[in-house]
Amino acid sequence: MAKPIELSNVTQAYLAEYQRILDKMIQGMTYVTLTCSISENFIKQILPHQVAAIKMSENVLRYTTNIPVQNLALEIIETTAEIVECLEAIQNRCCIVQNSEYELYEYMCAYKEITEAMFKAMCLPPVSNNININYLREMIVHHQGGVRLAQNVLRFCICQELIPILKNMIQTMCDRICDMEKLLDALQDCEYC
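The sequence shown begins at 50 in this note's numbering and counts up by one.
Since the hints were derived computationally from the structure, they do not count as laboratory data.
You can trust all of the hints, since none of them are fake.
Straight-line alpha carbon distances no greater than 20 Å define the calculated EDC-like cross-link-like pairs of lysine to aspartate or glutamate that follow:
| id | residue 1 | residue 2 |
| --- | --- | --- |
| 1 | K93 | E134 |
| 2 | K216 | E124 |
| 3 | K93 | D72 |
| 4 | K104 | D72 |
As the structure is a prediction and not an experimental result, all values here were calculated from the model.
Just need the whole structure built from these sequences, with the hints factored in.
Spelled out as structure tokens, the structure:
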């Protein structure tokens, strides 16, 4: 069995804050008072996910000196804050669109499957002493989960105002996943040079 790597104090501090952010996100996404509106439920469930992206990015900015990672984190903070603002603005109007018990059940079954896989992957990412690599691994899984959550809600009758926000979210996160995977490959190649 491989010997676990010794983590620097800086990496440990970064990971401890990441764990706090992750725990708060999981709690916020799990303990939601559900209503008869998939639109309202989704907004309440996705807001902690989006806030976590901002907090995770702020966390890496405290430690990184890598300019592409800094630029990525700043971009994630800016665009995610805009999405949060849009979601909060329509939240009270979107609760009007109600769904059947069957739709709510189908939505929640898929939601639980997606979030359980995302939480598990985010709790157990491979860890290195390279904070940039840790951040990208965590954020890729986070964004993949976000894409799946948005795609899930689009399968149902939902608030019309929510649809363009979801489509924009999916496109933005998919583009970012590609960028992050390229950056991660480049950083991992350099780490093993």
